[in-house]
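For the protein sequence lines, the chains are X and D, in the order given.
Residues 1 to 116 in my numbering are what the first sequence spells out, letter by letter.
Residues 1001 to 1287 in my numbering are what the second sequence spells out, letter by letter.
One or more of the hints may lead you astray.
To be verified - Mimicking DSS-like on lysine-lysine, the simulated pairs with C-alpha atoms at most 25 Å apart in a straight line are: (1) Lys1264(D) / Lys112(X); (2) Lys106(X) / Lys1264(D); (3) Lys6(X) / Lys1245(D); (4) Lys32(X) / Lys1030(D); (5) Lys32(X) / Lys1085(D); (6) Lys1264(D) / Lys105(X); (7) Lys1071(D) / Lys1049(D); (8) Lys106(X) / Lys1245(D); (9) Lys1264(D) / Lys6(X); (10) Lys43(X) / Lys112(X); (11) Lys26(X) / Lys1030(D); (12) Lys1169(D) / Lys1030(D).
As the list claims (entries may be wrong) - In silico negatives: residues of chain X with every beta carbon more than 10 Å from chain D: (13) Lys28; (14) Tyr35; (15) Leu55; (16) Arg108.
Source of the hints: derived by calculation from the structure; they are not laboratory data.
For every residue, glycine included, the Cβ atom is placed at its ideal position computed from N, Cα and C.
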Amino acid sequence: MEEQLKKALDFSNYRQTFSIQRRTLKEKIEAKLTYGCNGGIFKIDRSLITFVQLLIDQGRVSGVPLIDANDNPILIDNLETFRDEILDRYFTSTLEYYEQYQDLKKSRSVEKLLDL
Amino acid sequence: MNCGALIFAHNSREVDYALIAIISGGLARKHLNVPVTLITDASTEAWMKDSGTYQKAVEVFDKIILVEKPKTTNARRLHDGASNKTVPFVNTNRSSAWDLTPYDRTLLLDSDFLIFSDRLNEYWSVDDDFLIAGTVTDIYDQKRLGYHDRYVSDTGVHLFWATTVMFTKNERSKSLFDMIDYVKKNYEYYADIFRFDHRQFRNDIAFSVAKHILDGFTTEAKITLPPLLTALDKDILVSVDTNGKLTFLVTPNSDSEFCAATIKNTDLHIMNKQSIIRNAESLMTLI
Chain X
1 MEEQLKKALD FSNYRQTFSI QRRTLKEKIE AKLTYGCNGG IFKIDRSLIT FVQLLIDQGR
61 VSGVPLIDAN DNPILIDNLE TFRDEILDRY FTSTLEYYEQ YQDLKKSRSV EKLLDL
Chain D
1001 MNCGALIFAH NSREVDYALI AIISGGLARK HLNVPVTLIT DASTEAWMKD SGTYQKAVEV
1061 FDKIILVEKP KTTNARRLHD GASNKTVPFV NTNRSSAWDL TPYDRTLLLD SDFLIFSDRL
1121 NEYWSVDDDF LIAGTVTDIY DQKRLGYHDR YVSDTGVHLF WATTVMFTKN ERSKSLFDMI
1181 DYVKKNYEYY ADIFRFDHRQ FRNDIAFSVA KHILDGFTTE AKITLPPLLT ALDKDILVSV
1241 DTNGKLTFLV TPNSDSEFCA ATIKNTDLHI MNKQSIIRNA ESLMTLI
């Protein structure tokens, strides 16, 4: 197997490995941006955050129904708590994405990509 | 509501599914923090005792439930990198999960699905009695997947993946599992209707057809568990380090040339079972 791995490393195109590493990193971050709340599943993204903040700015902070990722209406009791939770997750996840992506970009060989 | 995971494992002469289930169960228990139950049979349990893995199984599993090993003529071609072998495959009792599960809300897992994150914890409280993975994501590229990874046949319905299933034990989910059992028992008939190959029984197909029928002959693909990040059976798991980094040889064109990749902290469906077994010792240290 060691010899096979060495052959693979010789064959490996840097871009191919980079592409796989980026793909799996994106998958990991997407997992972190999935948020289950009150029986619904929300995909945390910019439009959800913006919409929730818009509702809060309009004074709608409690008993607000939101449409979740499965198109089901989910009643959110406290929208400010919900906003804080999704904002926290969004920033934590995107910061992790940024840091790990920088590490990927700095790795200029297959071996270094695999070391991350 | 008590929640837990359920894994089926029936050894064949070629594959030690019990060993894989111990790894899968241990990882599920660690990362999801829920109890895990193993469904197996007397001969597989005896093998665990002979091979020295039974003590680990007792540590990992909340319960070990023995059932009669299903009699089957089912066989499948298992790849291990470039080589492959057709082996017996005992997988026909998954529809009994509803009756066997000790939990109110159950995560039914294939033994080759390894959990390295708490992502699935978001789904315990989802207001749906039955959830199943709707798609797969290839670790290399979606281009490696074929039409039959998305549909049960050329003209058939959407293919769901029974690798991960979550259900609440109630009458509504019972009717679905009864339907799955009915499809299994009348597999050739449904193969004729839905135009899939009946020669090898696939749980994915039985679950997909049953779900399609009970959804009113429509496919509601949206309410699903997350896509399954999948390493195909032609990819090889080469090593597992103590930090949980898995190194793979990935074959871009399903031939003998490989490139390398690593995966960490991400749930992963590893179809190459022999490579899980070769790395069992390292994987065991992660549970």
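Quick rundown of the hints versus the structure:
1. Lys1264(D) / Lys112(X): holds, 15 Å
2. Lys106(X) / Lys1264(D): holds, 19 Å
3. Lys6(X) / Lys1245(D): holds, 18 Å
4. Lys32(X) / Lys1030(D): holds, 17 Å
5. Lys32(X) / Lys1085(D): violated, 38 Å
6. Lys1264(D) / Lys105(X): holds, 18 Å
7. Lys1071(D) / Lys1049(D): holds, 22 Å
8. Lys106(X) / Lys1245(D): holds, 19 Å
9. Lys1264(D) / Lys6(X): holds, 21 Å
10. Lys43(X) / Lys112(X): violated, 32 Å
11. Lys26(X) / Lys1030(D): Judged against 25 Å, a Cα distance of about 23 Å means the pair holds.
12. Lys1169(D) / Lys1030(D): holds, 24 Å
13. Lys28: Nearest chain D Cβ is 5 Å from Lys28(X), so the label is violated.
14. Tyr35: At about 6 Å from chain D, Tyr35(X) fails to clear the 10 Å cut-off, so the statement is violated.
15. Leu55: Holds, because the least Cβ-Cβ distance between Leu55(X) and chain D comes to about 22 Å, which exceeds 10 Å.
16. Arg108: holds, 15 Å
Of the numbered hints given earlier, the model fails hints 5, 10, 13 and 14; all others are met.
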